[in-house]
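Counting along the sequence shown from 1, when you hit position 104 you're at 97 in the numbering used here, and nothing is skipped either side.
Please keep in mind that the hints were generated in silico from the structure rather than gathered at the bench. One thing to keep in mind: the hints can contain errors.
To be verified - Below, a list of computed lysine to any residue pairs in the SDA-like style, where the Cα atoms sit at most 20 Å apart:
hint, residue 1, residue 2
1, Lys35, Leu0
2, Lys141, Glu93
3, Lys141, Val89
4, Lys141, Arg94
5, Lys35, Arg65
6, Lys35, Ala2
7, Lys35, Pro(-2)
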Amino acid sequence: MSDVPSLIALIPRLRRYARALVGERAAADDLVQDTLERAWSKLHLYRHGTDLRAWLFTVMHNVHVNQVRAARPTSPLDDEMPELAQRAVQGDALLVRDLERALAVLPAAQREVLLLVALEDLSYDETARTLGIPIGTVMSRLARAREKVRILMHGKGGSKLQVVK
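All chains, please: the whole structure from these sequences, using the hints.
Set out below in structure tokens:
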């Protein structure tokens, strides 16, 4: 068969590609062997005049995908339910510290409105009556307070502002 010398000449390239796919020398050699076995049995499907190297790499890729799929563990979910992911809490203390510092920097009027609305869950109307100020003033102070806290907590343009007490 005229394709045999060409096929043999491509073995070093197949080994290099296999090594890149699987990372381990022994597994790469096994993949090359499986690829050559499959290519030999399917050589009648190769169209003469096309790139044999590309065809062999396609065969190798398909063999590799089949091996990965076959090696994938298949366990029914009924046997053991996976543990639900939980949010990491290591940074919570830092966030609370940063929030306390940001609140301390706010003017007293803005801090009062922000705490009544956000922490005490009062409506704008209830906050206005509590502080004896117009509702528009509540909304204005709240907007300025939120923006300032946002800047202090997250920074503007990606850099976090340092709050010094």
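Output the numbers, in ascending order, of every earlier hint that fails for this structure. 5
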